[in-house]
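For reference, the chains in residue letters:
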Amino acid sequence: MTLSVSNLCVERAGCTLLHPTSLTIQPRERIGLVGESGSGKSTLGHALVDALRGQNVRVAHVPQSPDEALDPLRSMSYHWREAERALQCTPDRQRQQQLFRALQIHQGNLRKRPWGWSRGMQQRFVIAMALIGSPQLLVLDEPTSALDPVVAARTMNLLDSVLEQNQTSMFLITHDMGLAAKRVTRLLVMDAGRIAEDAPCSSLLQAPVTPAAKALTRHRTWPAPC
Amino acid sequence: MINIVLGLLLRTAVVLTGTAVATFTLLWLAPGDPALAVAMARYDSIVSTEIIDLVRAEAGFDAGFWPAFRAWVFPLLSGDFGRSAVTGRPVLPDLLSAIAYTVPLALAGLAIGLLISLPLAIIATRNPGGLLDRFAVAIASLGTAIPAYWLGLLLILLFAVKLAWLPAMGTRTPLHILLPALTLGLGVAASLTRIIRSGILEARTQSFLPAFKRRGVIDSTIGKDHIAPHAAIPVITVLGLELAFLLEGAVMVEVIFSRPGLGSFLVNAVEARDFPQVQAVVIVAALLFVTINLLIDLIYRVIDPRIGESNA
Numbered sequence: 001m002t003l004s005v006s007n008l009c010v011e012r013a014g015c016t017l018l019h020p021t022s023l024t025i026q027p028r029e030r031i032g033l034v035g036e037s038g039s040g041k042s043t044l045g046h047a048l049v050d051a052l053r054g055q056n057v058r059v060a061h062v063p064q065s066p067d068e069a070l071d072p073l074r075s076m077s078y079h080w081r082e083a084e085r086a087l088q089c090t091p092d093r094q095r096q097q098q099l100f101r102a103l104q105i106h107q108g109n110l111r112k113r114p115w116g117w118s119r120g121m122q123q124r125f126v127i128a129m130a131l132i133g134s135p136q137l138l139v140l141d142e143p144t145s146a147l148d149p150v151v152a153a154r155t156m157n158l159l160d161s162v163l164e165q166n167q168t169s170m171f172l173i174t175h176d177m178g179l180a181a182k183r184v185t186r187l188l189v190m191d192a193g194r195i196a197e198d199a200p201c202s203s204l205l206q207a208p209v210t211p212a213a214k215a216l217t218r219h220r221t222w223p224a225p226c
Numbered sequence: 001m002i003n004i005v006l007g008l009l010l011r012t013a014v015v016l017t018g019t020a021v022a023t024f025t026l027l028w029l030a031p032g033d034p035a036l037a038v039a040m041a042r043y044d045s046i047v048s049t050e051i052i053d054l055v056r057a058e059a060g061f062d063a064g065f066w067p068a069f070r071a072w073v074f075p076l077l078s079g080d081f082g083r084s085a086v087t088g089r090p091v092l093p094d095l096l097s098a099i100a101y102t103v104p105l106a107l108a109g110l111a112i113g114l115l116i117s118l119p120l121a122i123i124a125t126r127n128p129g130g131l132l133d134r135f136a137v138a139i140a141s142l143g144t145a146i147p148a149y150w151l152g153l154l155l156i157l158l159f160a161v162k163l164a165w166l167p168a169m170g171t172r173t174p175l176h177i178l179l180p181a182l183t184l185g186l187g188v189a190a191s192l193t194r195i196i197r198s199g200i201l202e203a204r205t206q207s208f209l210p211a212f213k214r215r216g217v218i219d220s221t222i223g224k225d226h227i228a229p230h231a232a233i234p235v236i237t238v239l240g241l242e243l244a245f246l247l248e249g250a251v252m253v254e255v256i257f258s259r260p261g262l263g264s265f266l267v268n269a270v271e272a273r274d275f276p277q278v279q280a281v282v283i284v285a286a287l288l289f290v291t292i293n294l295l296i297d298l299i300y301r302v303i304d305p306r307i308g309e310s311n312a
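These protein sequence lines are chains A and B, in that order. Everything in the first sequence is counted per our numbering, starting at 1 for the first residue and increasing by one. Everything in the second sequence is counted per our numbering, starting at 1 for the first residue and increasing by one.
Where hints are given, some of them may not hold.
DEER-style ranges, computed between Cβ atoms [said to hold, decoys possible]:
(1) A/154 / B/218: 30 to 36 Å
(2) A/72 / B/127: 24 to 30 Å
(3) A/104 / B/131: 23 to 29 Å
(4) A/72 / B/3: 20 to 26 Å
Away from chain B, derived, C-beta distances all over 12 Å, residues of chain A [what the hints assert, rightly or not]:
(5) 149
(6) 152
(7) 162
The hints are simulated quantities; they were obtained by calculation from the structure and are not laboratory data. Here a beta-carbon is modelled for each residue, glycine too, at the ideal position from N, C-alpha and C.
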């Protein structure tokens with residue numbers, strides 16, 4: 001099913017953070033969102049998730065930092081159960097173990113609270129949690145910033161295969177042009193609260209049109225091993 | 001865990017030792033002749049110098065500071081609080097019966113305080129800055145400003161004199177605890193409302209809450225399982241302080257409502273310069289405070305084990 005949102009707009013304290021934006025996402029499409037810090041990437045991600053949730057679309061969101069996803073006073077197993085309950089899923093230990101093994105966090109103690117785990121493990125736990133309900137769209141906000149390159153690549157590979165199986169679309173917010181070049185097919189460039197450029201990934205990287213895209217592609221670090 | 005418990009016990013020992021030394025020294029240095037005061041309290045009339053000397057020797061005042069201190073402290077270590085200088089009766093049973101009046105009063109005050117402040121704070125935070133919220137904050141500020149003795153008199157005037165609904169003086173029936181507990185509870189409710197309110201508002205701003213909403217967790221679960229525990233941490237701190245305040249405030253309220261308890265026990269003991277009794281009250285009060293603090297520390301560690309992880 002094609003997902004579409006129109007006229008997403010965010011204002012805070014009289015300041016427009018996101019100018020009216022419309023987006024259409026095809027099934028299984030991999031979209032990357034790049035842009036300099038403060039250009040409104042995360043804001044667009046949040047607005048997109050909230051709008052699609054309003055349309056009863058199954059959409060999962062992985063915030064930038066595990067601190068924004070986990071309650072420090074609650075155990076990991078509590079978080080998992082709560083997420084299952086919120087999606088009205090029956091508890092499925094096998095699926096949980098499968099995801100944990102794939103993300104290499106099966107050795108983590110679920111009775112511990114988030115701060116008993118390393119940040120990288122917390123981040124992978126949050127990613128695993130986002131995959132519980134087989135969402136139609138997965139919005140990932142800098143998913144690999146807390147991970148070392150090896151684990152990051154493995155995590156992205158796992159995500160690739162899970163997304164393939166479930167026909168899930170991906171919306172990847174990132175600073176890492178190399179990551180975007182490898183993982184997405186369509187690239188959006190964000191600049192000052194607007195989508196400045198929207199093009200297939202390869203053509204945008206080779207021939208950027210807008211100044212914002214040119215600035216981002218000036219330092220050619222891709223294809224990086226990610 | 002053993003380290004934590006040992007650390008807490010060590011702190012307790014230090015506090016109690018300090019209290020014992022400070023109390024004894026201050027009483028010893030206080031102006032006036034304690035032997036004279038004791039003798040007058042005992043015989044209720046003008047007494048001759050021989051009797052005063054007799055009392056002085058009996059109480060050990062003539063032996064000097066250190067012998068007197070040792071004579072008091074060593075029995076204390078085995079739980080012997082000594083005998084009253086005035087009546088000659090053991091201090092502990094009288095003290096315990098006084099506590100048996102005061103502790104229920106303090107707890108009833110706390111219960112009333114919580115019963116008022118918790119719903120008030122929750123209603124106030126439904127719409128922060130709204131009319132109800134401002135009303136609650138105003139009431140809370142007013143409550144903090146009103147002294148217990150004045151509030152107690154007003155409550156007596158209204159409920160006991162004008163309406164004749166509740167008894168005011170003494171402890172004859174369980175109903176007698178209501179007015180004094182209400183006096184204490186209203187004072188506590190005022191500061192608790194403010195702290196619970198700000199605790200809830202603070203807990204609501206935590207950065208992880210939007211993610212829970214996006215995950216589809218319903219609001220009531222977020223409130224119960226994620227906001228409440230975070231809001232509880234500052235509230236528990238204040239609750240401990242409030243309990244201490246309540247025991248202290250109970251002393252005054254007991255005098256207003258002419259109830260027996262720690263209040264009258266302490267006042268009588270101080271007036272008669274009955275050193276063993278005064279010292280016993282102070283030591284027991286310190287023990288209560290330390291116990292409350294210990295409990296709070298342990299509750300913290302259950303809610304958020306990060307607290308105290310480093311300083312145990």
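Requested in this report: Determine whether the Cβ-Cβ distance between residue 72 of chain A and residue 3 of chain B falls within the hinted range of 20 to 26 Å.
Outcome: 23 Å, holds
Query raised in the report: If you check the beta carbons of residue 104 of chain A and residue 131 of chain B, does the distance land in 23 to 29 Å?
Result: 54 Å, violated
Report task. Verify that the Cβ of residue 152 of chain A lies farther than 12 Å from every Cβ atom of chain B, and report whether the claim holds or is violated. Result -> With a cut-off of 12 Å, residue 152 of chain A remains clear of chain B, as the shortest Cβ separation is near 21 Å.
Report task. Mind checking the hinted window 30 to 36 Å against the Cβ distance between residue 154 of chain A and residue 218 of chain B? Result -> 34 Å, holds
Query raised in the report: Quick one: are residue 72 of chain A and residue 127 of chain B within 24 to 30 Å, going by C-beta?
Result: Check passed, 28 Å falls within 24 to 30 Å.
Requested in this report: Determine whether the non-interface label on residue 149 of chain A survives the test: each CB of chain B must be over 12 Å from its CB.
Outcome: Residue 149 of chain A is indeed farther than 12 Å from all Cβ atoms of chain B, at 26 Å.
**Report entry** Check on residue 162 of chain A being off the interface with chain B, judged by Cβ distance over 12 Å
**Finding:** 18 Å, holds
In terms of the numbered hints stated before, the structure departs from hint 3 and from no other.
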